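Peer 1: Chain by chain, the residues run as shown.
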Amino acid sequence: MSRAQLIRNIARVAFLCLVASFVLAPMLATVLGGFKTNAEIRTGALALPETWNLEFYASIAEDPMFWRYLLNSLLISIGCVLLTLFVGAAAAYVFAQIRFFGSRMLFSYLLLGLMFPFATAILPLFIKVRDLGLLDTYWAVILPQTAFGLSLAILLFRTFFEQLPKDLFEAAYLDGCGYVRFFFRFTLPLSTPILATVGVFVFVQSWNNFLLPLVVLNSREAFTWPLGMMQFRGEYVTQWNRTLAFVTLSILPAIVFFLAAQKYIVAGLTGGAVKG
Amino acid sequence: MASLDAARSSEPLSLRLRRGLGNGRVTAVLILLPPALILFTLFVILPLSESGYYAFFNWNGYGSPTDYVGVENFERIVGHSIFQTAVGNTLKIVLISLFIQMPLALVLALLIYRKTPTNAVFRLIFFVPYILAEVAAGLIWSFVFDGNYGVSASIAAAIGSEPYFLLADRDWAFVAVMTVIVWKYFGFHMMIYIAALQGVPEDLIEAARIEGASRTQIVRYVQVPQIKPALIVSAFFAIIGALQVFDIIIPLTNGGPSNQTHTIVTYLYTFGLTRLNIGFGSAVGVILFIAAVTVAVFYQRFFMKRGAVA
Amino acid sequence: MADVRLEGITKRFGSLTVIPDLHLTVPDGSFTVLVGPSGCGKSTLLRIISGLENPSSGRIAIGGKDVTKTEPSQRGISMVFQSYALYPHMTVAQNIDFGLRLAKTPTVEREARVAEAARILALDDYLDRKPAQLSGGQRQRVAIGRSIVRKPEVFLFDEPLSNLDAALRTQMRVELAQLHQSIDATMIYVTHDQVEAMTLADRIVVMNKGRIEQVGAPMDLYDRPETVFVAGFIGSPKMNFVKGAAIGHEEAETVGFRPEHVTVSDGGEGFEAHTKVVETLGADTIAYVEADRLGELTVRLPGHIRLKAGETLRLAPQDEYLHFFDQNGQRMEVSR
Ligand SMILES: Nc1ncnc2c1ncn2[C@@H]1O[C@H](COP(=O)(O)OP(=O)(O)O)[C@@H](O)[C@H]1O
Ligand SMILES: [Mg+2]
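Chain order of the listed sequences is H, U and P. Everything in the first sequence is counted per the UniProt record's numbering, starting at 1 for the first residue and increasing by one. Everything in the second sequence is counted per the UniProt record's numbering, starting at 1 for the first residue and increasing by one. Everything in the third sequence is counted per the UniProt record's numbering, starting at 1 for the first residue and increasing by one.
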């Protein structure tokens with residue numbers, strides 16, 4: 001490596017480290033803050049704690065409500081994933097495999113969801129969920145969330161299904177395999193990459209969702225973790241260490257999982273650009 | 001399968017139906033399609049249409065809307081100074097995204113798009129904020145900006161100055177919000193660019209190098225033009241994203257101080273939902289819808305030629 | 001055991017007519033090869049027989065039974081695809097078994113049939129593998145196995161060997177011929193390769209632009225091509241065509257003679273030709289020559305004649321092997 005290259009490389013890494021510290025410092029302060037007394041946070045928010053107090057973390061971990069929030073989020077997210085995968089893949093399969101009168105129109109109709117943000121319809125959605133008697137149930141989040149995610153899911157699924165070899169269907173068809181059976185026996189098992197992509201993507205969206213649960217969940221029993229976190233923050237306004245411990249404990253598992261699955265998240269996100 | 005149908009469409013309907021049932025074509029359509037149609041209609045299209053209807057009423061959400069007020073809601077919204085601020089803030093987010101966040105993301109992508117272990121670590125680090133829930137990000141940064149008990153307080157103590165309350169400053173609070181937005185989303189744009197840069201054939205770059213192009217020339221004349229579709233897509237995400245900012249604001253400023261940091265969605269939430277002004281809030285929703293569709297249609301028309309995939 | 005009769009088959013894709021009014025009978029137990037250039041409609045015709053495509057009009061009968069409106073799985077046919085179309089997520093055994101399961105064949109019989117197919121095709125050791133773990137030739141065998149377990153009356157093959165390398169293709173050709181002998185079902189085989197057609201078929205159907213040019217045994221087509229198209233398509237290297245007038249046969253529009261039916265003459269008969277390219281194959285020598293008035297010709301000479309590019313020869317087509325065609329490209333008899 002020449003001198004000039006070496007210098008350039010050092011400059012490059014230095015710049016990257018600078019940005020990395022901008023990214024990491026707030027999160028580090030958060031994790032460490034959970035071990036400190038509030039007085040210590042006030043004087044040295046970025047320093048290592050003088051003594052590592054475990055009590056704040058422990059008190060969160062012992063709080064049944066904390067686990068309740070996480071469980072609610074988990075069940076709702078899983079519900080969204082399963083429903084999206086099943087309903088979305090089934091519809092996409094019909095569009096990919098069967099041309100019938102009006103199929104293009106119905107397809108365009110289902111893609112309308114790509115055009116506008118969730119928030120545009122949030123008030124009527126609230127009214128509808130309330131009138132259906134679903135407030136404070138998991139379905140209040142699962143159904144609208146799935147419905148809004150369907151457009152993207154169907155688009156991604158159909159693109160993938162259409163790329164499966166055509167003569168696979170023909171061979172199975174000659175063997176006497178019908179359309180519905182083909183969906184379950186061939187299309188689904190052969191589409192695990194796209195199922196994983198959409199599944200992970202929907203999970204992340206649902207896990208992190210805030211506005212919809214905020215609007216349709218009112219009782220603490222039904223809260224998802226972001227709501228629980230805001231609730232907790234409201235209760236301990238001056239005690240950052242407790243809130244920070246709460247934040248750390250609730251986001252850590254998600255971050256580990258999401259980083260492991262980042263490939264799928266990026267694929268889902270960028271795939272959303274294939275419009276038309 | 002197009003061919004199967006082309007032939008069949010010339011047969012009488014009864015025959016087509018009979019055969020369709022025989023091999024499950026019609027059954028497949030009737031079983032597999034309706035769940036999606038029902039779900040989508042009930043929870044997307046219907047609420048959306050209702051937005052357009054409620055927007056013309058003064059209604060608190062109970063009973064059915066009767067107090068027809070014409071376009072009064074729209075007039076009130078457009079004339080409302082806080083709404084104007086919210087729109088201005090949304091535009092500011094767009095500008096910051098286009099002119100600070102995207103260039104930053106592009107520079108970083110160019111620095112680390114090659115597949116080496118070090119680069120992989122940096123990529124992971126830069127992507128973490130994106131993965132974080134918006135609310136959590138907002139909460140963490142409200143801790144950072146807290147001049148009483150947070151990081152700001154301890155920095156002020158360290159340098160011996162008076163603590164500064166950034167989020168309480170009418171002029172600077174939204175700058176703080178935008179800092180958080182850049183922090184949160186630059187990694188996402190960077191990932192899009194990295195994927196695109198990795199798709200640029202290496203021989204293109206080598207050919208340019210052999211012809212004597214410098215590093216910056218290669219970036220300028222080879223790499224950036226090659227990833228233009230990715231840039232267009234990421235700008236689209238930035239604009240649509242700006243229209244939707246909500247979660248981050250709530251823990252950070254909740255729209256304050258003195259309603260200076262609202263976005264369109266926080267405005268909708270604060271003045272529509274929390275006060276149960278369903279008609280008023282629906283009208284905000286309609287405006288948001290029109291904005292989003294305009295952006296999407298405009299974008300499709302002018303930028304997204306077929307296959308503009310990142 | 002069944003013959004296949006196609007009556008008045010037409011096929012249109014939108015405004016494009018791929019097959020205009022086609023009649024064909026494939027005799028019971030024959031190995032019939034549909035051959036013709038790419039895009040002439042062979043696959044379409046095969047798919048119409050299988051039921052994957054419906055004809056725009058016309059009738060299909062298999063074993064005397066009209067199956068025009070019958071579901072593919074009920075027609076007593078099976079098909080081997082060019083890409084094999086093996087089910088990637090199933091093992092070899094499951095691939096072969098799948099059709100039987102769907103047909104609700106009793107388990108004992110299914111197992112027996114799969115075992116028998118595996119034995120015939122030497123697949124016993126691979127039954128638990130997935131298609132991705134097989135070589136090209138093995139995949140081909142699985143595809144064939146999948147079709148024989150169903151004991152169809154008619155086997156359909158759509159260019160099944162075109163994804164194999166040359167050596168394997170020769171080997172599979174032999175195996176297919178043996179298969180036909182051992183299970184003597186009707187086989188309809190599509191290819192664009194006339195060598196494959198000549199070696200496999202007991203009957204060849206030459207197609208061109210959706211029409212049948214000629215039907216016959218391989219050597220009949222070689223000896224007595226009914227049209228210029230068949231004459232040019234069957235045989236390798238291709239037959240030479242010259243204007244009738246140019247070689248003293250004014251009554252014929254076109255005269256054809258095969259490269260192997262040209263001799264080197266030392267006397268006054270024949271014509272002068274300059275060799276341009278010479279391919280020495282050992283047993284034979286193929287020479288591409290330029291002849292006065294006749295243009296470019298191909299000749300096949302015995303290997304012992306040593307030739308170099310740029311030499312001048314005197315060549316004479318053998319009179320008894322001349323083929324005469326009229327303005328419409330139809331064969332005509334000329335008294336000599
Ligand atoms: N599904 C279809 N739609 C439109 N045209 C088709 C379709 N299938 C085949 N064709 C056309 O029909 C002609 C014959 O095709 P094919 O039967 O596949 O030829 P071959 O197998 O002899 O090469 C071609 O011109 C092809 O483009
Ligand atoms: Mg073909």
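Note that these hints are calculated values from the structure, not bench results. There's no promise every hint is true.
Stated by the list, open to error - In silico DSSO-like pairs for lysine-lysine, Cα to Cα no more than 30 Å straight-line:
#	chain 1	residue 1	chain 2	residue 2
1	H	263	U	228
2	P	238	H	166
3	P	276	H	166
4	P	104	P	69
5	P	276	P	238
As the list claims (entries may be wrong) - Residues from chain P that keep clear of chain H, each with C-beta distances beyond 12 Å, as calculated:
#	residue
6	17
7	53
8	74
9	79
10	87
11	220
12	264
13	298
Source: prediction; values computed, not measured. The C-beta atom is built at its ideal place from N, Cα and C for all residues, glycine as well.
Peer 1: Is the Cβ of residue 53 of chain P farther than 12 Å from every Cβ of chain H?
Peer 2: 10 Å, violated
Peer 1: Are all C-beta atoms of chain H more than 12 Å from that of residue 220 of chain P?
Peer 2: 33 Å, holds
Peer 1: Taking only the CA atoms, is the gap from residue 104 of chain P to residue 69 of chain P under or equal to 30 Å?
Peer 2: 23 Å, holds
Peer 1: According to the definition I'm using, a residue is off the interface if its beta carbon is farther than 12 Å from all beta carbons of the partner; does residue 264 of chain P meet that for chain H?
Peer 2: 51 Å, holds
Peer 1: Hinted pair, alpha-carbon criterion (30 Å max): residue 276 of chain P, residue 166 of chain H. Please report holds or violated.
Peer 2: 47 Å, violated
Peer 1: Under the criterion that the straight-line Cα-Cα distance not exceed 30 Å, is the pair residue 263 of chain H, residue 228 of chain U satisfied?
Peer 2: The given pair, whose Cα atoms are some 22 Å apart, holds under the 30 Å limit.
Peer 1: Beyond 12 Å from every Cβ of chain H: is that where the Cβ of residue 298 of chain P lies?
Peer 2: 38 Å, holds
Peer 1: Residue 79 of chain P: least C-beta distance to chain H exceeds 12 Å?
Peer 2: 5 Å, violated
Peer 1: Hey, does residue 74 of chain P actually stay past 12 Å from chain H on C-beta?
Peer 2: 8 Å, violated
Peer 1: Would you assess whether residue 17 of chain P, listed as outside the interface, keeps its beta-carbon beyond 12 Å of every beta-carbon in chain H?
Peer 2: About 21 Å separates residue 17 of chain P from the closest Cβ of chain H, which puts it past 12 Å; holds.
Peer 1: Are the Cα positions of residue 276 of chain P and residue 238 of chain P separated by 30 Å at most?
Peer 2: Holds: residue 276 of chain P and residue 238 of chain P sit about 17 Å apart, inside 30 Å.
Peer 1: Can the restraint linking residue 238 of chain P and residue 166 of chain H be considered satisfied, given a maximum Cα separation of 30 Å?
Peer 2: Violated, at about 36 Å.
In the structure shown, a violation is registered for the earlier hints numbered 2, 3, 7, 8, 9 and 10, in ascending order.
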